[in-house]
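Colleague: This is what each chain is made of:
Number of protein chains: 2
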Amino acid sequence: MAHRVPTGDNRERFVCDACGTIHYQNPKIVTGCLPIYGEQVLLCKRAIQPRQGLWTLPAGFLENGETSTQGAARETFEEACANVSIEGLYTIFNLPHISQVYMFFRASLLDLDFRPGFESTDVRLFHERDIPWQDLAFPVVRDTLEHYFRDRASGAFPVHVGDIIYEKR
Amino acid sequence: MAHRVPTGDNRERFVCDACGTIHYQNPKIVTGCLPIYGEQVLLCKRAIQPRQGLWTLPAGFLENGETSTQGAARETFEEACANVSIEGLYTIFNLPHISQVYMFFRASLLDLDFRPGFESTDVRLFHERDIPWQDLAFPVVRDTLEHYFRDRASGAFPVHVGDIIYEKR
Numbered sequence: 001m002a003h004r005v006p007t008g009d010n011r012e013r014f015v016c017d018a019c020g021t022i023h024y025q026n027p028k029i030v031t032g033c034l035p036i037y038g039e040q041v042l043l044c045k046r047a048i049q050p051r052q053g054l055w056t057l058p059a060g061f062l063e064n065g066e067t068s069t070q071g072a073a074r075e076t077f078e079e080a081c082a083n084v085s086i087e088g089l090y091t092i093f094n095l096p097h098i099s100q101v102y103m104f105f106r107a108s109l110l111d112l113d114f115r116p117g118f119e120s121t122d123v124r125l126f127h128e129r130d131i132p133w134q135d136l137a138f139p140v141v142r143d144t145l146e147h148y149f150r151d152r153a154s155g156a157f158p159v160h161v162g163d164i165i166y167e168k169r
Numbered sequence: 001m002a003h004r005v006p007t008g009d010n011r012e013r014f015v016c017d018a019c020g021t022i023h024y025q026n027p028k029i030v031t032g033c034l035p036i037y038g039e040q041v042l043l044c045k046r047a048i049q050p051r052q053g054l055w056t057l058p059a060g061f062l063e064n065g066e067t068s069t070q071g072a073a074r075e076t077f078e079e080a081c082a083n084v085s086i087e088g089l090y091t092i093f094n095l096p097h098i099s100q101v102y103m104f105f106r107a108s109l110l111d112l113d114f115r116p117g118f119e120s121t122d123v124r125l126f127h128e129r130d131i132p133w134q135d136l137a138f139p140v141v142r143d144t145l146e147h148y149f150r151d152r153a154s155g156a157f158p159v160h161v162g163d164i165i166y167e168k169r
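Residue numbers (this note's numbering), protein chains in the order written: chain A, 1 to 169; chain B, 1 to 169.
FYI, nobody ran anything at the bench for these hints, they're computed from the structure.
Don't be surprised by glycine CBs; every beta carbon is placed ideally from N, CA and C.
A couple of the hints might just be wrong.
[As the list claims (entries may be wrong)] Covered, in the sense of this in silico footprint (three residues per stretch, anywhere, with C-beta under 8 Å from a C-beta of chain A), are these stretches of chain B:
(1) 24-35
(2) 65-78
(3) 85-93
(4) 157-165
Working from the sequences, and respecting the hints, build out all of it.
Modeller: Here's what the structure looks like:
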């Protein structure tokens, strides 16, 4: 496998010298939910790295053949065994330093029959006053929760787009 | 390269039997612009397959290390040599049958110094009445234009999310 600019392109790609196949690498989508139950939101305590032991919204890589909405519901079931009804797209974050785009959907938690999936050690509902702000796993989780509690006061939930920019060290 | 379910996973992946590397394949993001100049919108006539000769909004695959907004402006410059100022995210479409997620941004065309890039044979501004509806390249282009002309009448441009679903034949 060589790393060079293919003919007609302007970026270096991984090219197989044996068969000529160009193995493009592009940003991945992470899709997830903000599960809401009355006044409370559902968070998962991470069983795995990175950010093991910190609290997150259920989310993971979108898979081939599914919509971002389907992926968000699937990840919510995998991480929290929680059944949700997706209400609408809510936040999108560009994370160019790791070539990811996050998408969170507002979702109604349909029942209280949730429990930790394989990637979680705990799953709980939190009122706004009890959110573990100092123990959230990722900036995208904090930003999504902050948007939500602010928007909830007004009753309107427009889509928010943000960039999470880290300088290269 | 084998195609099997890795330990701890639940989907088949391409796994290198020599080094154990798992080559994940995930949906790609296509990012682009709806360039607006007064009452007109900019469209590009495709020089390449698929849909060669049909009209499209400038868009292409998001690259590693860039934000979806940066990618939208880059593609607009590559396909139409057009300088735009991004106004905001406007439409998102899931295309699960080809594992793509499209994102279009509303953008102001900054000047009339545009011309076809390598992937276009023509670039033009269109009033609503002149849009070549029968010669648009993709459903996501038609849907984005339809949303725009409808929203323009009301003056509000919320984010629209849609699924483009094709049954497997």
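Colleague: Look at each hint and say if it fits the structure.
Modeller: Tested hints:
With a threshold of 8 Å between beta carbons, the proposed coverage of the region 24-35 of chain B by chain A holds, since 6 of its residues qualify and at least three are required. Counting residues of the region 65-78 of chain B whose CB falls under 8 Å from any CB of chain A gives 6; the rule of at least 3 is met. With a threshold of 8 Å between beta carbons, the proposed coverage of the region 85-93 of chain B by chain A holds, since 3 of its residues qualify and at least three are required. Coverage of the region 157-165 of chain B by chain A holds in this model, with 4 residues showing a Cβ closer than 8 Å to a Cβ of that chain against a need of three.
Of the numbered hints stated above, none is contradicted by the structure.
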